[in-house]
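Novice: Residues per chain are reported as follows:
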Amino acid sequence: MKDFCLRGLFIDITHKKVRIETLPSDVSRKYLGGRGIGVYLLSKAPTASPLDINAPLVFSTGALTGSKIPASGRMMVSAFSPLTNTISSCSVGGNLAIQMKRAAIDFIHIVGKAKKETIIKICDHDVIFDEIPSLGDMSLGDMFSRFSGFKGSIAAVGRAAIHGCLFASIMVDKSFAAGRGGLGLVMASKGLRAIMIRGSKRPIIHDRGKETKARKDIIRLFDASPAIMGRSGIKRYGTPALVDLIASRRMMPTANFQKTYFNEYKAFSASNIIRSLAVKHHGCYACPIGCKQIGPHHTQIPEYETLSHFGALNENASLASIIQANSICNDAGLDTITAGATISCLAEIRGERYQGKDFVDKVVAMASGKGEGELLQLGSARLAEELKVPEASMSVKSLEMPAYDPRGAYGMALAYCTSTRGACHLRAYPISHEILRKPVAIDRFSFSGKARIIKIAEDLNAVIDSIGACKFAFFGASLEEYANAFSAVTALDYNTDDLLRLGDAIYTLERYINTKRGFTSKDDLLPERFFIQPGTSGPGIEIPPIDRVMFEDTLQRYYKIRGCTPDSILRQDRLKELGIV
Amino acid sequence: MISEINKYLDKLISYYMIDKDSASLFCLDDEIYTNKKEISPEAYYLFEKLNVNSLLITRPDPVVWAIIGELAALYPQVISPRDSESLTFIHDIPVIDVFDKDLVVHALGCRKGCIVKDTGIITTGTVSLEQAFISFSSICFATFVKYFSDFINGLYEYGGIPHPRPDQIEAFLNISPLITPPAGDNPLSKDVPLDEEEIITSMGEAGFSIVGNRLVDSFFGNISYIKGGNIYISQTGASLDELSGPPCQIDCVSLDESSTNDLTSSSELGAHIKIYEYTSDTAILHGHPKFSVIMSMYGPALGFGDTRLVGDIPVVYGEVGAGKHGLIHTLPPAMEESHAAIVYGHGVFCSGKGAFYDAFSRLQSIEVMCYNKYKELVEARLKVNSE
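Residue numbers (this note's numbering), protein chains in the order written: chain A, 1 to 581; chain B, 1001 to 1387.
Hint data in this document are derived by calculation from the structure and do not stem from the laboratory. Be aware that a few hints might be false.
[Unchecked claim] The calculated DSSO-like cross-link candidates involving lysine-lysine, where the alpha carbons are at most 30 Å apart (straight line), are: (1) A:K174 <-> A:K115; (2) A:K560 <-> B:K1036; (3) B:K1117 <-> A:K210; (4) A:K201 <-> A:K121; (5) A:K471 <-> A:K516; (6) A:K388 <-> A:K174; (7) A:K560 <-> B:K1101; (8) A:K216 <-> B:K1274; (9) B:K1036 <-> A:K266; (10) B:K1274 <-> A:K210; (11) A:K576 <-> B:K1049; (12) B:K1353 <-> B:K1373; (13) B:K1117 <-> A:K471; (14) B:K1373 <-> A:K280; (15) A:K68 <-> B:K1011; (16) B:K1375 <-> B:K1324; (17) B:K1007 <-> A:K210; (18) A:K471 <-> A:K44; (19) A:K216 <-> B:K1007; (20) A:K560 <-> B:K1037; (21) A:K370 <-> A:K471; (22) A:K576 <-> A:K560; (23) A:K213 <-> A:K201; (24) A:K213 <-> B:K1049; (25) A:K213 <-> B:K1324; (26) B:K1227 <-> A:K213; (27) A:K44 <-> A:K121; (28) A:K266 <-> B:K1227; (29) B:K1049 <-> A:K560; (30) B:K1227 <-> A:K576; (31) B:K1011 <-> B:K1037; (32) A:K516 <-> B:K1049; (33) A:K280 <-> B:K1274; (34) B:K1007 <-> A:K560; (35) A:K576 <-> A:K266.
Fair warning: this is a prediction, and the values are worked out from it, not measured in the lab.
Bound-form chain A, shown alone (with noise of 0.2 Å):
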């Protein structure tokens, strides 16, 4: 068997020097790929400030990418973030992933700034800076366009991150977004204005009647998991059909979290948008459930967290500004999540309310950065803190949560506060079993259990994260399926428990290494709303205040399960037994 040793472009910017960077067999077997090769060789420079030129940003593919195993199109962009300052990792689908392989490049690794904006264009094994005049304020769209010609894939920043948004983010092949946490200002930062990729080379599988056999296995799941293929499901509705569920939850965060029921959801829920609008299917390299949804002349139409931050967020009931909102923060390259958060913490602070028109307004200044736009280009915790009303930022560690009020599902109030990039539903994902009931259904209104379920959770989408896979598959499929699936891919016979092993010692890292930026248990704090007032209770739904001596009692365990001392600080023990120092 080859050994696993993960290959890599070392690519220093500012003197367009180029390396062939091999990880050692142990630390690729460790960190497995994607999120993990993330996380390490961002811990070689624990204490960078995001924007120094030194600051590592990674592209790093997964080990499923290239193989026929479901869903596994995804890759992981990784960087300190500008907008949290903790360590930051976004999942991004596209194409970016598989001419990554077909390139022989399990990650890319840049550093420096190039002098004037670069565009760098990778061809299997050749690499080209490619400085042109600077694109100033073309629009993504624009941008892709204009490379239409290019048979490969693309990855870019707009003119938010030009304009130094905090928020900025990457987008790949025009419709798929690494957007949380403004890794697009970093890019920009090194005056990289795209990574153009294309790969010959055939991935090479180790097994291929056993990836045969994981294909089919999770296949099978996947037509099982009414989530998934069901007649509501990811794949016929895309994100937007969570739009019903979560409204009919009573947790659909209206008007800056100042609610959490919007009664005039259903102007965008996923029923409306398919009656209203001609809707296309897309999706993700070899991704048998295209969740990604085009309507008319190519506009995207919004995935779940937009339409509910666009619309209910901000009290807006028009799909039309909801959609045209959500194309300019494609074509500018903004967090749609914190772009609907922030607009509607202004509107709590004025008192107003940003609805149709008036809402687009405000995108637009945002992504222009002039005018109020360099107000809104902050995101909403330092937005508040300008205006002198900091408790208005519904945010966890400067990250704005999304579409999921905490009231409603304890399990995702203590991982916003636990997870290591700000408050993220991804981090642990348990919207999979509070509201999906995958893989079982678990009570949303309780914390018991919540913090090992959490941890557990945090590194099994540790693993999801670094292994090419795309969370929506575990919606019916579960690390069981996928460990057959990475053994047959790479030959590492690993079993869901190594996995999750693994996923433990990344997300750890993760932590460790926002401790040595300076993160403590101050900052694993839930605005103070949650715990003072109550949601929008409905029919047999009470939507109380979270209990805080609840809350706090749940996340002191957490720290221990976790292996932190109670003010959060990982013992050197726990550090020692999985490998960080």
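Please build the complex by placing chain B on the supplied structure of chain A, with the hints as guidance.
Specialist: Leaving out everything else, chain B in the frame of chain A:
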């Protein structure tokens, strides 16, 4: 967490699923909770080595344990069931001779549960004890079905299964009299539910009766009722004896597709809708009665598009859900005339008019018929062989 332990211990005991004194249930948060006075070193070790939060170690009821003993003698390392639910969710079941903690850790790192011949069945969960409970119940079901279907197929030389040896026949003749024949009573009301509250009550009672009469594996199946433009259907993963709650585990799904709330509904919602179209009935029950599943597997293996009869009940092939080989394509037309069908290696779907009384009667009578047919076929073959 203690209440969760008590809930599943109570289910295991009250439904006669376990050898009572052997059950050890554990939940782990920042400390271990258990039904036992002391936490065994084995449990400590398993929690230390496995990234799980729940653990169930128990012997199943003596009949299932005897069956597992027979299967484990034939398949000393791994038992590979062929029924549909196991193929989908359990895959296969590792077998270990004696409790070696590292072998158990390895087995549970690969699969949801394992059999340890000197201990019992060990299963785990990463979210809740319910997962361990489901896996335990599924292993009991899978081994039961495999044992009896392999035996009859071996007798009749189907599917390449070797003819049972004399000692296996002797063991079978010792085990089979211990099986409790399916019950024939129908406790459900014939009254048609008039409003949503009555529908939910009626579905709760039907679900409870299916579990009580052991017409289902792992407490899962699905139930629905149609009224006006809505279908009331059990949620995915809902335990049929807990449908009416609290919390209520029934979704009201509008047929006009004006809502996507059925994201949490049973994976067989699409099949239920089509069954209503084919039959114009008002109630559907789906269970996994063991001998119906076993008899559906008697004979050559079926593939997509194949059908046969057990008595006058059609057997169709179809995988769970709405995939290209899903039962949504084959089951509804098969039920048009018979109002009942068995999905190969999976379970029985029955429909009826009015409340759940008719559908429940069909479900029961099919299981009784399959049980009797099984006995007749086996006795006939053994008689021929002995002559």
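Novice: So, against the hints stated earlier in the document, which numbers end up violated here?
Specialist: When the structure is compared with the hints, numbers 6, 9, 10, 13, 14, 15, 16, 17, 19, 21, 26, 30 and 35 turn out to be violated.
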